[in-house]
Structure formats: C-alpha cells, structure tokens
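Chemist: Here are the chains, one letter per residue:
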Amino acid sequence: MPATAASAALGTRLDHLSITHGKRVRLWRLLYGAGPANGTLLVLPLDQGMEHGPADFFPNPAALDTDFQFRLALEGRYSAIPLGIGLAEKYFHPYCGRVPLILKLNGKTNIPPDDEAVSPLMATVEDAVRLGADAIGYTLYVGTPRQDVELLQFQKVRQEAGRFGMPIVMWAYPRGSAIEAQGGKGTLFAIDYAARVAEEVGADIVKLHEPNDETAGVPEPYRSLRESAGQRLQRVVRSAGRCLVLFSGGSKLDPDAALAKVELCMRSGAAGIIFGRNLWQRPYDDALALSRRVHEVIARYPA
Amino acid sequence: MPATAASAALGTRLDHLSITHGKRVRLWRLLYGAGPANGTLLVLPLDQGMEHGPADFFPNPAALDTDFQFRLALEGRYSAIPLGIGLAEKYFHPYCGRVPLILKLNGKTNIPPDDEAVSPLMATVEDAVRLGADAIGYTLYVGTPRQDVELLQFQKVRQEAGRFGMPIVMWAYPRGSAIEAQGGKGTLFAIDYAARVAEEVGADIVKLHEPNDETAGVPEPYRSLRESAGQRLQRVVRSAGRCLVLFSGGSKLDPDAALAKVELCMRSGAAGIIFGRNLWQRPYDDALALSRRVHEVIARYPA
Amino acid sequence: MPATAASAALGTRLDHLSITHGKRVRLWRLLYGAGPANGTLLVLPLDQGMEHGPADFFPNPAALDTDFQFRLALEGRYSAIPLGIGLAEKYFHPYCGRVPLILKLNGKTNIPPDDEAVSPLMATVEDAVRLGADAIGYTLYVGTPRQDVELLQFQKVRQEAGRFGMPIVMWAYPRGSAIEAQGGKGTLFAIDYAARVAEEVGADIVKLHEPNDETAGVPEPYRSLRESAGQRLQRVVRSAGRCLVLFSGGSKLDPDAALAKVELCMRSGAAGIIFGRNLWQRPYDDALALSRRVHEVIARYPA
Amino acid sequence: MPATAASAALGTRLDHLSITHGKRVRLWRLLYGAGPANGTLLVLPLDQGMEHGPADFFPNPAALDTDFQFRLALEGRYSAIPLGIGLAEKYFHPYCGRVPLILKLNGKTNIPPDDEAVSPLMATVEDAVRLGADAIGYTLYVGTPRQDVELLQFQKVRQEAGRFGMPIVMWAYPRGSAIEAQGGKGTLFAIDYAARVAEEVGADIVKLHEPNDETAGVPEPYRSLRESAGQRLQRVVRSAGRCLVLFSGGSKLDPDAALAKVELCMRSGAAGIIFGRNLWQRPYDDALALSRRVHEVIARYPA
Amino acid sequence: MPATAASAALGTRLDHLSITHGKRVRLWRLLYGAGPANGTLLVLPLDQGMEHGPADFFPNPAALDTDFQFRLALEGRYSAIPLGIGLAEKYFHPYCGRVPLILKLNGKTNIPPDDEAVSPLMATVEDAVRLGADAIGYTLYVGTPRQDVELLQFQKVRQEAGRFGMPIVMWAYPRGSAIEAQGGKGTLFAIDYAARVAEEVGADIVKLHEPNDETAGVPEPYRSLRESAGQRLQRVVRSAGRCLVLFSGGSKLDPDAALAKVELCMRSGAAGIIFGRNLWQRPYDDALALSRRVHEVIARYPA
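Protein sequences, first through last, are from chains A, B, C, D and E.
So that you can map any letter, position 294 of the first sequence is 294 in this note's numbering, and since no number is skipped, the others follow by simple counting.
Just so we're on the same page, this note's numbering is the position in the second sequence counted from 1, plus 303.
Just so we're on the same page, this note's numbering is the position in the third sequence counted from 1, plus 606.
Just so we're on the same page, this note's numbering is the position in the fourth sequence counted from 1, plus 909.
Just so we're on the same page, this note's numbering is the position in the fifth sequence counted from 1, plus 1212.
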C-alpha cells in the first residue's frame, strides 16, 4: 500500500482519536502493519485454555502446544494473537516482532457458575509493555451483579494503558444472573448494550458475539424489534460508535459457513474478525487454507 | 456583561466559598463564561448510553453519534456537556475550548437490580484535568445499603478534586431497597435528604429530580406535609444550602410542558436546568429550537 | 484567667498525656482558650443534617442555614462546633479563628437499617489540618458486627491524627444487631463498654449518651446493678479513664430539664456537654439565652 | 547474673534464631533484663477492658485505673505488660524504661458473636517503635472461617516487625464456628494446632491456654488420645517448636491452684506464665504477694 | 556432569523461556546444582503442619522438629525443601547454602470447610529473597468460587517474582464446591484443567496430584475418556505445556508402591517428584534409605 493510501486509511480509523503517539503507533501496526494491512483486523485468540480448560483442544490435540497458534498466526498473516501472560512468557520468544501480541490481562476458569461473574487481572499493562505487546486484551462482563468490581478494575487498567499508549481490545461479554433474567447473554439487547458500554468505558476495539434473534424475556424496545442478522450486526456496530468492532466466530463452523459469516460481518461494518476455535480446532493445513480464504473476503473491505 | 456586573454576580454565587483559585476559575467559566452566562447553568448530559443502554437513542437514532450532542451543546449555547471518559476521548476533540466538559467519573449499567446500588469509578479527577474538563460529575446513591462504599469512594474523589481545583457536580440520587421501603426514590423525603447530603459531603452543584407528591410509606414529618410543586422545589433548594441546584428534565416532555418546568424550577431558586433526553431525543432542529426557548426563560433569572 | 491558674488547670487535664506539642496546643485552645475556658467543654454539634436528614430542622427552619449554628457558637461562647467537610468548606469562612472547628470525619445517612452499621470516612485528617480545625470528630459504632471495618478505619485515622497532633473527639455509639440482642444501645452495659473502648482505641475526648436504667436482656454483672442516674454517669466516666467525657443532650428537652441534666452530668465528673438539637431547634434568642444558663452551671465545675 | 551465665542462657533461648540485632536486643531485655531475668517470662496482660468490657473490673474496681497494673508490673517485677494503644499512650508515661511494654496491636469487643471472628488492627508496629515497646502482641484466631483475612493481616505485621526487629508475642486462639463444630476452642486438638500455626506463621513467643481433656467431637487422632494434663502441656510445647510458650491463667483461681498451675506449666516446658485477671482482680497487696510466690516457682526453671 | 552436558540439558529445560538471568540462575541450581542434578527434581515439602496440623506428625513424632526434614533433605540429596516463613526463619540457619529453600508463600489451616477455599499470603517474594530462597512456592485453588481473589493475589506475586527473578513452583489444586459438583478434586478433568491453569497464569513448575479414574459427575469430553494411569499422567504433563510437572506422593505408601509411582510418573514425562509424608512419616533411616532408592529411579530420566 502506498504511503498516501495508508495515510488516508489511517485517517479513517485513527484521526479522530485524541490519543498519544504511542497508541497511534501501535494501532497503526495492528491495522496497517500486519495481517490484512488494509485497516481491518484478523485476530487469532488463544484464551480458551484458561477460560474453558484443555477440553477445547480435544478436537485437535496438536493445538495444546501454543507454538501451533503462533506458527499459524505468522504463516496465516494474522493481525495479532491475543493470549495470557503464561503463554506469552513461554512461547512468544521466536515470534517477537513477527507476530503482534495482544496480552490478555484478565481471565478465569469456567468451573464456578457465572451468576456473579468477574474476571480478575492475571497480568498488568506493565507486563504488556515489557513483553512488547501491541495492545492489551480485557474481558468486561457487562451487566454482572458485581459490575462495580468489574468497572473499577477496568478503570485502573484503562488509565494505565492510557499512560503507556497501549490500545485496549475489549471482550465485551454480557454475563450474569441479571442478563440471564432478561433474555440471556446472546440477545440483541444484551450485545447492543455491551457494544455501547465498550465505547463508554474507553475501549479502542471491541470483540462482540453475533447477536441472536431471541426476544423472549428481552426488555422493550428490543422485544418488538424484528431485524435480519445483517441489521442486527449493523445496529451493534453503530452502538459501538468509534470503537472498532471485531465479531467472533464462536464455536467451530464448517468452512463455507465461516466464510459467509465473515462476509456478513464485514459488510455490516465490522472492522475485522476474531476466529479462534474455528481455526485452531482444525489440522494445521486446513486452518491455514481457511485463513487464506478469510483473507480474500476481508481484502474486499479496506478502511 | 460588564466586569462590574459579572463581579457582583460572581459574588452572589461564589464569594462565600473557601475554594482555590482553580475552582473559582472553572466555576466562573461555567456560570459566566458559557451557556446563559448570567450566573445560571443550562446543561446537556449524555450519560444515558451507559446508564440505560442504547434504548434511549431509539426515538432519535442520530443521537447515537455523540457528535450530535456536542454540536447541539455548541450551537444551543449550553453551559457544559457531561459525559464519560470513552465519549470524551473519542468525540471532544473538535469542541475543545468551545464547549465546557464535565467529565462524569462514575456510572453503571441498569441491568442488575438497584437494591444495593453502587456506582463505581470509570475515570478519575486526573483524567478530567488531562482532558481539560471544567468540572467533574459524580453520581452518589443516597441511602443505598452500601452507602459506606459510596461515601468512601466519593471522599477520595472530593479530596482529589479539591487538590486540583475541580468543581464537583453531584447527581444525588436516592436509591436502594431502604429508600424503596420508605416511599421510593422520587418522594420529597428522599430528594430533600439527598439535597442535604450533597451539601454535607462537599458537592458544589447538585443535580436533583423534581420531587413528586407521594406520601405513602414516607416517614414523618414528611408524610404529613402537603406542599405544592413549587413549595417542594423551594424546600429542596433550601436543603441544598450553598450547593447550586440543577433540576433535571427526566424523560421527554412536550415543549410547552418542558418550558413550564424550567420556569417553575428557576422561580423556585434553582441555579439551572439539566436537560438530556428532552433535547437529544428530538430531531436536531427541534432540539435547537427548544434550547433557544429555554434560554429565553433562564435569561429572566440572572444571579 | 492568670497564667498560673491556666497552667495548673492544664496540668489537671493534660499533663499526664504523652502527646505532641501540636495536640497540646489544640487541646489547650479547646479547654482554656475558648468556650467556658475553665478546663471544661461546651460543644455545639451539627452532624444531624447528614445523620438524620433535613427533618431535624423542621422545628426551626432557620437552622437549615448553617450560618445559624456558627453565629450561635460564636455569640454563645461555645468551645467548638463539630461538623462535616461540606459545611465546613461552605460556612466556616467568616468564623475562622473565632470559633474552634471540630471536623467530623465520618458519617452516614439513617436510611438503611443499623443492624450492621458502619460509618465511612467523608473527610481526612489532612482536610482537618488544611481547614484549621482544632480537633477531629469520629463516630465509632461499638459492638457492630462489622467492628473489624470500623476499628481498622479508625486505626488509620488515629495514627494520622497522631502525626499531625490533632486531638480526637469520639462519638462512641453502641450500635448493631448484637447490641440490640443484649438490651439495646442505651443501657449502662452498652455505654459503659463504649466508654472503655474509646479509651482503649486512643480517643482524647469521648461523647457518650446518658445511660438508661433498662436491664432486660443485659448481660451480668450489669443486669443485677441498681444504680441511680448519677451513679451510672459516674461509672461511665470512670470507665472512660483519662478520656474526657462529654455527655450529649439527645433530643430537645425543656430548658429546666436541660439545665438539670447539665448539672447532673458535670457533678458526675463529665468534662463537658455537647448540646445540638437542644439548642438549634429553638429560635435564635431562646438558644442564646439557654446557652448562657448552661454557662452558669458549667462555670461551677472548673478543672 | 554474671555475663557468662547470661550469654549461655541467651544461647539456649536465642542463638538458633536468624534474627536482626534489634530483635535480639529486645528479646534479651524481656528474658534476661526484666522480670525473673533467668530466661523465663512472667507477663501481666491488660487487654480485657477491650476484649471483655469493664465487667472484668467489677471484682476489683481499683484496677479500672490502668495505673494499678503498671504499678503492679513494676513492683511485682513482671517481664512486661501487654496492652493497647490507648492505654499505652495515656498511662505508660511514668513507667517508661522501668516496665517493658508489649504493644497489643489488634483487638475487638466480645459483643458480636465469634462465629466468624477476626481481630482488626488497632495500632501498628510503627506505633510500637515510637512508644518504646519491646515487643508487639498479636491475636490470631486460628481456624476461623475468615482465616484468610486474619492471616493476610498478620503477614503484613510480621514483615513490618521483622524490618524493625520487633519480637512478636502471639495470642494463638482457636476460634469460630468450624472449631466449635470440632470439639470447641479448648481441646488439645484445637490448641495443639494453634501452637503449630504460631510457629509456622512466624511468632517468637506464643500465648496458649491450657488444653482441656474434652474429646467429644474432636477429630482423630486426637479423639483417641488419653493424656494427663502435664502430657497435654508438653505436647503443645513441642508443637510450638522454637516458639517460646506462655501459658495463660484464664479466669481467677485461688492462690494455691494458681501456683500449682504455674508449677505444672513450667515443668512441662513453658517459657513462662501470663497472668492477668488472676492478679489484678485481687486487691493490690494480695496481687503483689501472689506475684512473689509465682516468682519463687519460676526461679526454679531457668533457661 | 561436564559443562557441555549441563549446557545441553539446560537448553532442554530452560532455553525456550524468556526469563531474567536471576531466574535462570535459580532454576539451574534446582535442576542441575542440587538433588539429582540431571535436570530433574526431587523435592521434600513441609507445609503439612500448617495445612493439616500436628496430626500429620503422629506417625513419626521426631518429624515435629523441623531439623529432621532439613537433615533429611541434606543427607538424602533433595533438590529443595519447601516450607513456610516461620520454619524457614527458625530452622534454615545451619543449612543455608547447603539445601535449596523454596519459600512457600501462602497457606491456611484445614479447620474451616473448603467450599470457598482461598489460600492467603503468609510471606512475600521479598521474604524469599531476603532468606536466600531459590524459588517461591504458591498454592492456587483452581476453580474455587473465590477464584477472583485467588488469581488477583497470585498476579501480584507473579509480577513481584518476575522482578526478582524468582522461579514459581505452583501447588495447583482443584478445590471448592464447584469442582466437587463436577466429580471432585481428584479427577482427570480437574487436574488436567489445573495443569493448564498453572501454565496460563505463569508458573514455572507445577505440583499436581496423580489423577484418579473417577468419571461420575465429570463433564464431557472427560466423562467418556477411558485412559490408563500412565495415559492420564501423560495427558496432564502435556496440558501443563512448558511448566515442569512434579507429581506428589500424597499420603504414605509402602516403599515398593512409592517407587512404582515414581517410575510411572517419570516415564510419563514428569520433571520430578515431590514426596513429603511418604518420607518424613518414616523413621529417619528408613526415610533416607527410601530416598536413595528414589534417586536410583530418577537417575534414569535425565533431561
């Protein structure tokens, strides 16, 4: 991409932000210096070992060795790989400078129930800086009864990230007993609110799930809405405002379904795609092949 | 306004306060340097996206883009726009110096029940200083069972604000199971107590709702009171002491009802009006037109 | 008072204390430099607006304006006026140096139930120093199920006060479900224990309520005691050890009853009287007249 | 005692410890510089006013005045007097340098139930240093459901004490609902565990109660043990390892029973005796006489 | 071992780690400078006195004196001895430099139930550095309902350990009501998850129990697995990734069974063995003899 084009694109994504040079440098690297490099993001997350346990690796035991994902991120030209402190410290070594790192700062196991979910810090912004990460990842459980704990913890992280010029990628997940009592964590109501919260609390990029079409138990005016899948995606993209939206793949789909999802998300205004299990639960070569097909789609949505 | 008049007015509002020069400068800007500029305040808040979710924008989807409110604040000559860290960082850029910012420091979603409501910090006084805000906004849930958490958190904010000379605008909201058991959050009992608490804990300006005339379940001596709407407003203004009182508009009213409310509030001693949904849930031109009519009313109550 | 007499008196009250010069200076001002100035204390508190709400001002609405109490404290020659940070910042200005200030550091509303009462900090010792206070006021809820929170918070305040040489006036209030299960907060058992706790935790001056003669539910050996009102007062004065005891007036009494109470308290060894509602719930002139009569009684108990 | 003897004795009690010179100096003062001065300890505690209330002083009202205990400690040649910050600040003055002080750092009232007992800090190691104390006293509730709070708080105290070379005397008290469900706080099981915990967490000296012979509800292998009173004492002394053990007197005994208890404890390997109510609930002269008889016993167990 | 061999071996175990020189030095000492000195670990823990109480010493009362374990660690050529702050401060003195110390930072008694288990800090990384430890030990209760507390506390320890170059040996223990509801703490599901968590949170070495073959109540896909004891061990070693795995002995086995267990664990990829009660619940000479036989097995698995 010629400098002028990059500059223009940078304008589209970055110029309106009142951010330090450090954050601008790192966001540029993610959007234009790696991955699709056209202002979009293709992200390969690996937090499932902590969040779900080793069970997620049963379909493809080779993926238990984190080198698998790093290699895939490199050869599959991913924008970044988000993972936790333990994996970063043990496996990032040979990929430093070649694959952008998003250090996932918080996490938890899924063993206790999620009624009052909170996601404690497992690393700090300082760790991210020390490890040469280009962003931090942070999970916020939106609407959990313990939201005071969640928001306070994030506040400190946001402020620290601001000081270091570290972009924030937020996993904005509706969660907890109150959201379950209002239709569940996958509804448009829940995800639309989560999108807005991400913007309100100061995320730069937000990872969201695709909202379902469930309306039972959902509060108005959402209960009466009847929107297509694309309209729902567009709505949450608008609610996220100037947060760049990544839609996630969720559990493994067949390749064509996965690609159709990518297409729909990008057409709806997403800034990119974050695909974990859809990729690394496949054999390496299949994962690489699918990655290439995803690139072809994303290439049609430069920003 | 000639310097002498300003000086006299400043005396009325500010001279009795034992405050640093920094706070005096900022309060002067809010009261005499922007908005009606006659010692009153006309404030356009935008914390509803966090507090209520995107549903509040359904009547006027254009308002989802925070630029809408900033533009309205500028062209409608508002004294200030209060909003959270995420919106300030992403949308304040082109309005710096032209629209005073009140950085709302705390907030929460309305997804979990409010029985034991607390409002966690989402930003700090340091953020407000860095962003060039002219005041901080703070929500205190008066009478919540977790008031120890609420008051302790505010204490630290107040002390920090004092050090930086940052005025404090308090959203003093009766809230929680105990207040519900005593007649609810909208009664004169509840709001009158909240007004006093704002003064006691050290707010400079307090936002209050207009008290209703409900007396069921309310403790004495309030239960036996029979006061007009105007008398109730005057009472809470007196209870707020030397805190300047802003009355809020609440949900959308028709323009004439809104103007009547403004008139009544100002006549009852309010220092100003804080109108959010009443403004930005209307099309831009309607909102601007209504803003002008509000200015006409307020202009008759200089201080 | 000639220097020699003052010196002797100071000995009586202060010589045994291992305190810094700063605390000695401030205690001297309270005991010999203001109010009765004979080693006793006459204190006019104003924390009821926070603790009880504006309802306490209904009998005398003029008292809603804190200037009322400051004026009364000045003209009625009170030893000090204790109030919170908000009132101190807004109303102390014209009285600086003329009326000693006791900055009340903690407080709460009475809206939620008191079963597990705690009283959070609303200001700090640093605030007291900055405002020129001569002491800090602190409420300790003795015997509350959350006594660990209460005692830890006080510990930090005591240590900070020690560093700055700031005397501590403790409102030692038995409170909470456990004390209610043992006869209630007003019994000799409860108040006698509170008096000792004040001495044990490091208060300089303790405000106590007059114990009632209730014995139902009270533990032994208190249940079997049958003591006169005067004996009960003497007992708690002894239990407070070298803490100076202030007895409080409680709710409004008729003037003669109030004076009889003062007489009995002083005769029982109290160091002084703390009268709030008994004073400022009366019209100004009545309050001033009663203050003078109280002075006459107290003048007969120099120390 | 000639220097050589002292040096040998010091070896017995102190040489194996990896401690700073400051701690060595202070332990030497307690063991060889005061009290029996033969490597044993005779300690006169006064924390009951806080822990039990003024009721403990009913048998001997003169003891309400803390000067009583200080005088007794001096004339009765006690190794040290442990008490809290309030008493130390108000009564230690004339005894500085003449009676070693153990500043009791934490405490609570006995008003709320003990099911989830914790003992909050009421003073700090810094206070102890400032007051010239020769050790700190600390109560640890072993086995309470809130042991995480208890242990974390102690950890900080231990580390601070280590930095200042301040010996730690631990009141190791089994307490709480879980210990009650396993036979109660007085069993050999409970006290043996407490002795070990004191050693494990880093106490230098541990105060323990004499274990009873109750086995109902106690876990194995303790339930099947049938040991004499002396065997039980020896067992806990062994479990405390290199912590010096003080056995407490508990409530008042007749003088001969008290002396028999001292004899048995010392013969079982205790480093000393801590007798509070057994002493100061008696008239001064009786207390002094009993102290002398205790000295005669202890003198036969030099270390 | 010649330098070249050591260097190669060091590569196997250490080269991939992005760690400071300090950590490399200490890990080298544990793996090649002490114990089997062939890249494996033979560890003699002594945290049972705190975790289980003195009952664990009933089979061999001589072991109550911590000198027993230190002597055994020295003469039995153990890689390290992990124990708490109190034991380290009192017994490590004569063994400094001769037996590597792993300072166990947290712990608790087993008196209260484990439903919501947390393990509070009893010492800090700073203590470990001061005492000359070669690693810290840390217990993490995986899946406990209070995992937020557990993970946050560990986060701070990990970061501090990182700064000082202190290796982390994690006791990764599934624990609490939620894990009990999913088959219990000993299942492959539970221990496999714990292994992964240790790697994810940043442990260097993890101590795990051998998983049982229980499947009742266990979630899929584990419920359907039917694996041999060796296969289960291999699985958890793989799940621990680049964390070195120590399998624990658990309660006392007969010598041949213990040796068979060692053989199986080492063959399954363990980096070593951690045997406490299996050793020090035997008479000294038996323990020493068994240690020698364990060495013979381990010598066949250099790394």
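The reader is advised that the hints may include incorrect statements.
No more than 25 Å apart at the CA atoms, straight line, and that leaves these computed lysine-lysine pairs for DSS-like [stated by the list, open to error]:
| hint | chain 1 | residue 1 | chain 2 | residue 2 |
| --- | --- | --- | --- | --- |
| 1 | B | K459 | C | K858 |
| 2 | C | K762 | E | K1368 |
| 3 | E | K1464 | D | K1065 |
| 4 | D | K1065 | C | K762 |
| 5 | B | K459 | E | K1464 |
| 6 | B | K459 | A | K156 |
| 7 | E | K1464 | A | K156 |
From the derived model, a few chain D residues whose C-beta atoms are all more than 12 Å from chain E [claimed, not checked]:
| hint | residue |
| --- | --- |
| 8 | P1003 |
| 9 | S1086 |
| 10 | H1118 |
If you anchor each label on the Cβ, the simulated ranges turn out as follows [stated by the list, open to error]:
| hint | chain 1 | residue 1 | chain 2 | residue 2 | range |
| --- | --- | --- | --- | --- | --- |
| 11 | E | G1309 | D | E1089 | 39 to 49 Å |
| 12 | B | R526 | D | N1121 | 30 to 40 Å |
| 13 | C | E732 | A | A229 | 29 to 39 Å |
| 14 | C | L680 | D | G931 | 22 to 32 Å |
| 15 | C | E732 | A | K156 | 20 to 30 Å |
| 16 | A | P113 | D | P1128 | 29 to 39 Å |
| 17 | B | S531 | C | P665 | 39 to 49 Å |
| 18 | C | D862 | D | D974 | 31 to 41 Å |
| 19 | B | R327 | C | F770 | 35 to 45 Å |
| 20 | A | A229 | B | C399 | 50 to 60 Å |
| 21 | B | L455 | C | R832 | 35 to 45 Å |
| 22 | E | E1338 | B | L455 | 46 to 56 Å |
These are calculated hints, taken from the structure and not from any lab test.
All C-beta atoms, glycine included, are put in the ideal place defined by N, C-alpha and C.
Chemist: Each hint should be assessed against the structure and marked as holding or not.
Modeler: Hints versus structure:
no. : hint                          : result
1   : B/K459 / C/K858               : violated, 35 Å
2   : C/K762 / E/K1368              : holds, 24 Å
3   : E/K1464 / D/K1065             : violated, 35 Å
4   : D/K1065 / C/K762              : holds, 15 Å
5   : B/K459 / E/K1464              : violated, 55 Å
6   : B/K459 / A/K156               : holds, 15 Å
7   : E/K1464 / A/K156              : violated, 48 Å
8   : P1003                         : holds, 36 Å
9   : S1086                         : violated, 8 Å
10  : H1118                         : holds, 16 Å
11  : E/G1309 / D/E1089: 39 to 49 Å : holds, 46 Å
12  : B/R526 / D/N1121: 30 to 40 Å  : violated, 58 Å
13  : C/E732 / A/A229: 29 to 39 Å   : violated, 57 Å
14  : C/L680 / D/G931: 22 to 32 Å   : violated, 52 Å
15  : C/E732 / A/K156: 20 to 30 Å   : holds, 23 Å
16  : A/P113 / D/P1128: 29 to 39 Å  : holds, 31 Å
17  : B/S531 / C/P665: 39 to 49 Å   : violated, 22 Å
18  : C/D862 / D/D974: 31 to 41 Å   : holds, 36 Å
19  : B/R327 / C/F770: 35 to 45 Å   : violated, 27 Å
20  : A/A229 / B/C399: 50 to 60 Å   : violated, 40 Å
21  : B/L455 / C/R832: 35 to 45 Å   : holds, 43 Å
22  : E/E1338 / B/L455: 46 to 56 Å  : violated, 29 Å
In the structure shown, a violation is registered for the earlier hints numbered 1, 3, 5, 7, 9, 12, 13, 14, 17, 19, 20 and 22, in ascending order.
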